[in-house]
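> We have chain E; now place chain H onto it with these hints.
Protein chains: 2
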Amino acid sequence: MRVNGEITDRISALDRGLLYGDGLFETLAIVEGEPQHWSRHMVRLTQGCQRLKITAPDVEKLLDEVRACCAGKTSAVAKIIITRGQGGRGYNPVDTTPTHITQCIPWPEFPLENSEQGIVARVCDLRLASQPLLAGLKHLNRLESVLARAEWTDHAIAEGLLRDNQGHYIEGTMSNLFIIKSGQLFTDPLQQCGVAGIMRDIVMALAEQRGIRCFLRTIDEPQLKEADELFICNSLINIWPIRCVIDRGEYPVGPLTRQLQQAIKVI
Amino acid sequence: MRVNGEITDRISALDRGLLYGDGLFETLAIVEGEPQHWSRHMVRLTQGCQRLKITAPDVEKLLDEVRACCAGKTSAVAKIIITRGQGGRGYNPVDTTPTHITQCIPWPEFPLENSEQGIVARVCDLRLASQPLLAGLKHLNRLESVLARAEWTDHAIAEGLLRDNQGHYIEGTMSNLFIIKSGQLFTDPLQQCGVAGIMRDIVMALAEQRGIRCFLRTIDEPQLKEADELFICNSLINIWPIRCVIDRGEYPVGPLTRQLQQAIKVI
Numbered sequence: 027m028r029v030n031g032e033i034t035d036r037i038s039a040l041d042r043g044l045l046y047g048d049g050l051f052e053t054l055a056i057v058e059g060e061p062q063h064w065s066r067h068m069v070r071l072t073q074g075c076q077r078l079k080i081t082a083p084d085v086e087k088l089l090d091e092v093r094a095c096c097a098g099k100t101s102a103v104a105k106i107i108i109t110r111g112q113g114g115r116g117y118n119p120v121d122t123t124p125t126h127i128t129q130c131i132p133w134p135e136f137p138l139e140n141s142e143q144g145i146v147a148r149v150c151d152l153r154l155a156s157q158p159l160l161a162g163l164k165h166l167n168r169l170e171s172v173l174a175r176a177e178w179t180d181h182a183i184a185e186g187l188l189r190d191n192q193g194h195y196i197e198g199t200m201s202n203l204f205i206i207k208s209g210q211l212f213t214d215p216l217q218q219c220g221v222a223g224i225m226r227d228i229v230m231a232l233a234e235q236r237g238i239r240c241f242l243r244t245i246d247e248p249q250l251k252e253a254d255e256l257f258i259c260n261s262l263i264n265i266w267p268i269r270c271v272i273d274r275g276e277y278p279v280g281p282l283t284r285q286l287q288q289a290i291k292v293i
Numbered sequence: 027m028r029v030n031g032e033i034t035d036r037i038s039a040l041d042r043g044l045l046y047g048d049g050l051f052e053t054l055a056i057v058e059g060e061p062q063h064w065s066r067h068m069v070r071l072t073q074g075c076q077r078l079k080i081t082a083p084d085v086e087k088l089l090d091e092v093r094a095c096c097a098g099k100t101s102a103v104a105k106i107i108i109t110r111g112q113g114g115r116g117y118n119p120v121d122t123t124p125t126h127i128t129q130c131i132p133w134p135e136f137p138l139e140n141s142e143q144g145i146v147a148r149v150c151d152l153r154l155a156s157q158p159l160l161a162g163l164k165h166l167n168r169l170e171s172v173l174a175r176a177e178w179t180d181h182a183i184a185e186g187l188l189r190d191n192q193g194h195y196i197e198g199t200m201s202n203l204f205i206i207k208s209g210q211l212f213t214d215p216l217q218q219c220g221v222a223g224i225m226r227d228i229v230m231a232l233a234e235q236r237g238i239r240c241f242l243r244t245i246d247e248p249q250l251k252e253a254d255e256l257f258i259c260n261s262l263i264n265i266w267p268i269r270c271v272i273d274r275g276e277y278p279v280g281p282l283t284r285q286l287q288q289a290i291k292v293i
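From first to last, the protein sequence lines stand for chains E and H.
Just so you know, my numbering puts the end of the first sequence at 293, numbered straight through with nothing missing.
Just so you know, my numbering puts the end of the second sequence at 293, numbered straight through with nothing missing.
These aren't lab readings, by the way, just hints derived from the structure by calculation.
Where hints are given, some of them may not hold.
No copy is singled out in the list; a pair is fine if it fits within one copy or between any two copies.
Once the Cα atoms are required to be at most 30 angstroms apart in a straight line, the calculated DSBU-like pairs of lysine-lysine come out as [unchecked claim]:
no., residue 1, residue 2
1, K207, K105
2, K105, K79
3, K164, K79
4, K105, K251
5, K164, K105
The following block holds chain E by itself, in its conformation from the complex (with noise of 0.2 angstroms):
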């Protein structure tokens, strides 16, 4: 682990991003050392920071610091984090020097019928807040996840799905989510909460590739109920087709998700 290039697992407790969650964070799949979609996650991070008006960090001297963290690791996760860093006047953030965190962490191992038999879901109770000015955003704000990922601990729920306060379907707590109905695929456009995920780009693409039409559209509990398949998905996961929603529905593991599951696999 590094902080601002020196190896160490601690940094400063005056730092925004423990004080004020006041930073961003990327999640990375680890294949033979090399971080997976780098460029895809870099305009995210870049972005993200663009629009907290932090300071963007140096792209090449991280990807140098993220090889060295996971050097040598066959499968791994690397974690980056960038904050405000320290300093400002209470919360207004005047001068400060960013901080960035690179981390090499274990590979999960996810069982495999999750993404061959798919998984059991449920619907989460809490509503994601409506924030313009953070939607889309993976930033160190993430008490609602936490709070979401708490209801539940039957390890047989794979996923819980979250929902704003008009009902719409947004993502999962640790994934996005995607209906596909009549040849189609729909996800929240996330225009008010949620995180745009990077494999959430991925499998657009790669639907728009293959002729799938793709609509950011939000999704509501019928849309949900009458879905012909139904898959969440992250960088580390890739696809996970749902087959049970709790209370909602029961849903094939379909040729679109197989389809959408084979292509990734390519790329």
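Same frame as chain E, but now just chain H:
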């Protein structure tokens, strides 16, 4: 500065306080080495921990640490941070031991005229998101406060007022807001957003004792404009009258504001 009782200014970069803003904080005034309104702060902190299902700290030990931190200081600020600690699986908060951080900060010299002549405030563009599960808590997810405070740089403006999506006036970026109309106090109930400040509680209690009725009611645009008096409060500034809200109106520093300022001085 102490982290889990040890004198250090560094914490683990794996702490959930940094990773997710998974924690709470308190900011207390220190007078002659003693924290002010200790019990009220500890009630709020303990209740906040209960709501987030974080094991509440040992309040007696915390008091010892704050006293040790701030020993001999005529006036200073104590900051206490409680996080859920390290561990868990991703967002899932299993088997964690909370981290507690205590820190003594020099007293910020506020301009005397702020409390005497009153301040100029502005209305922030950012609208506070509605999240009843977090409303009232002084949690570490403070990106909204950071973005709101970054909206202006003019030193003549001492505070920014924050509205929710319905246009209700909730609070200031670092304070609570009261309006006075026809001899009665009004402040938002903070059921959807905002931080329930200790000085807000004290103001309400002092008003009550003096036979001034105080209502927890939403404050809309006309009510703000037509208020007889307006003030903000927090544990460090006590009460600052608002003499002007830019583009909204000018307000006298009226008798009830003065009475409450006086009342706080003698508790």
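> Return the numbers of the hints above that this structure violates; sort them in rising order.
Failing hints, ascending: 1 and 4.
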